[in-house]
Amino acid sequence: MIRPARSHPGWWAFVVHRLSGVALAFFLPAHFLVLGRAIQGEAHLESFLRWSEQPLVQLAEWVLVTLLAAHLAGGLRLLAIEFLPWREWHKTLAALAAGFAVAAGLAFALAR
Amino acid sequence: MSARAGAGLWVAQRATAAVLAFCVLVHLATMIFAVRGGLTAAQILGRTHGNYAWGAFYSLFVIAAGIHGAIGLRTVAAEWLSFRGRAADAAMAAIALAIVGLGLRAVSAVVL
Numbered sequence: 010m011i012r013p014a015r016s017h018p019g020w021w022a023f024v025v026h027r028l029s030g031v032a033l034a035f036f037l038p039a040h041f042l043v044l045g046r047a048i049q050g051e052a053h054l055e056s057f058l059r060w061s062e063q064p065l066v067q068l069a070e071w072v073l074v075t076l077l078a079a080h081l082a083g084g085l086r087l088l089a090i091e092f093l094p095w096r097e098w099h100k101t102l103a104a105l106a107a108g109f110a111v112a113a114g115l116a117f118a119l120a121r
Numbered sequence: 002m003s004a005r006a007g008a009g010l011w012v013a014q015r016a017t018a019a020v021l022a023f024c025v026l027v028h029l030a031t032m033i034f035a036v037r038g039g040l041t042a043a044q045i046l047g048r049t050h051g052n053y054a055w056g057a058f059y060s061l062f063v064i065a066a067g068i069h070g071a072i073g074l075r076t077v078a079a080e081w082l083s084f085r086g087r088a089a090d091a092a093m094a095a096i097a098l099a100i101v102g103l104g105l106r107a108v109s110a111v112v113l
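So the protein lines, in turn, are chains A and B. Numbering-wise (the numbering used here), the first sequence opens with residue 10 and increments by one. Numbering-wise (the numbering used here), the second sequence opens with residue 2 and increments by one.
Next up, chain B with everything else stripped away, as it sits in the complex (with noise of 0.2 Å):
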């Protein structure tokens, strides 16, 4: 990979780090106002059927995730496992489509 594809990762690495810092504060409160007297799939279903916004918020979240963990899998895979290379890069390119593919649908499956 050149320097500047690397630069380009440590930039997006950081962007979407940016980015998940506030999703991830949203889904903590999220999920500790949620599962207060147990949680069901009528009160989940009943909160992101329909809602958008939600719709939205979690689209960006998942993109942002399956960007960062891609590009952080490929550093501990690069440093703990000696695994670099256009192969590394392909499984990294593999992974996070792999992470936003299940999440867009997971996302469309309770909000849609």
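So that you can see chain A by itself, here it is in the shape it has in the complex (with noise of 0.2 Å):
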């Protein structure tokens, strides 16, 4: 029997890639947005940094820079899965990527 393509360590890897991709190019703008306030002087970037403070604030930024390291190290996985002949890591790879994105995350979160 066939087993279903779902569950399958590459289809979550390709869905964890797609949902970062989508979600880091939407929060690009606003990133960028809040640090051109140093434009408008220092003090309307510290307003900002103050207000980021919040709990939930500072769960989404980890959240953000998990999805970072998720997709840097999904890519890293496609990049080898399409340009080095290791056709057979793809679950090794998988979780190479899964646990980066995770040690990264815990990083930040530690850190912070």
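It is worth saying that the hints were derived from the structure and are not from the lab. Note that this is a predicted model, so its numbers are computed, not measured. Please note that a few of the clues may not be correct.
[What the hints assert, rightly or not] Computed, partial: chain A to chain B, Cβ under 8 Å: (1) W21; (2) V25; (3) R27; (4) V31; (5) P38; (6) G45; (7) L54; (8) E55; (9) A69; (10) L73; (11) L76; (12) A78; (13) L81; (14) L85; (15) A89; (16) L115.
[To be verified] To give an idea of the interface, some chain A residues facing chain B are shown, with a C-beta separation under 7 Å as derived from the structure: (17) G30; (18) A34; (19) F41; (20) L44; (21) I48; (22) E51; (23) A107; (24) A113; (25) F117; (26) A120.
For glycine and all other residues, C-beta sits at the position ideal for the given N, C-alpha and C.
Combine the two chains into a complex, taking the hints into account.
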């Protein structure tokens, strides 16, 4: 019996890579607009940073950092699959990508 | 879109991915280092003001992210929303220009 594709780690790696990419693409303009507040002076940027200290905003920040790490690791996985003769390493690469994303997210959360 | 242009987008997506792999690693490490003990506008701008090496790095980061993000969204729009053709290509170009424009404005805000 052929197992459904959704039980394969590669499918989950695809979903995480795609959803994290879309989320990051929507987040980028907001990120740039916030940094652009520095044009109006340090105080404008500072007021946003104080606002961002709310727990929910910090949680969203942590999610975004983890998504960025997941998209990076998932992208490296894809490049390895496409350009290197490592096709039998699919599951290992997916596990490494997930591990890297969790490690980066934890490092950020602990540093904060 | 012609097959040649499609191949060009495929190459651009992989080339920007390779640039972004390096940029995101540096960005993640910088964020984890920078958020220790809290984040203030003075700390951020103290590191970036007049630092043209960071300015060049983040300009490259922004341009690669704009191109990569727009091509990625075009693929997602085609596969999930069946949004294809000239309108989709025009939307992709507009998204790339918007992300790069906002990004370079943000870089100039914190560096100049």
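Worksheet entry | P38 (chain A) as chain B interface residue, shortest Cβ-Cβ below 8 Å | holds (5 Å)
Worksheet item: Close enough to count: is the Cβ of L85 (chain A) nearer than 8 Å to one in chain B?
Response: Result: holds, 6 Å to nearest chain B Cβ.
Worksheet item: How about E55 (chain A): closest beta carbon in chain B under 8 Å, or not?
Response: Interface hint status for E55 (chain A): holds (4 Å vs cutoff 8 Å).
Worksheet item: Under the criterion of a CB-CB separation shorter than 7 Å, is L44 (chain A) in contact with chain B as hinted?
Response: Where the cut-off is 7 Å and the nearest Cβ of chain B is about 4 Å from L44 (chain A), the hint holds.
Discussion item. Does the closest beta carbon of chain B sit nearer than 7 Å to the beta carbon of F117 (chain A)?
Written reply: holds (5 Å)
Worksheet item: Given A34 (chain A) as an interface hint, is the shortest Cβ-Cβ distance to chain B below 7 Å?
Response: A34 (chain A) check passes; min Cβ-Cβ to chain B is 4 Å, inside 7 Å.
Practice prompt. Would you settle whether the hint for A107 (chain A) is holds or violated, based on the nearest Cβ-Cβ distance to chain B being less than 7 Å?
Written response: This hint is violated: A107 (chain A) lies away from chain B, its Cβ roughly 16 Å from the closest one there, beyond 7 Å.
Discussion item. So, as I understand it, the hint says A69 (chain A) touches chain B; can you test that by seeing if any CB pair is closer than 8 Å?
Written reply: violated (14 Å)
Discussion item. The hint names R27 (chain A) as touching chain B; please verify it with the least Cβ-Cβ distance against 8 Å.
Written reply: Holds, because the Cβ-Cβ distance from R27 (chain A) to chain B comes to roughly 6 Å (cut-off 8 Å).
Worksheet item: Is the interface hint for W21 (chain A) satisfied, with its Cβ closer than 8 Å to some Cβ of chain B?
Response: violated (17 Å)
Worksheet item: Against chain B, is G30 (chain A) within 7 Å by beta-carbon distance?
Response: holds (5 Å)
Worksheet item: Quick one, is the V31 (chain A) hint okay against chain B at 8 Å, beta carbons?
Response: Since the shortest Cβ distance to chain B is 6 Å, the answer is holds.
Taken one by one, the earlier hints fail for this structure at numbers 1, 2, 9, 10, 11, 15, 16, 23, listed in ascending order.
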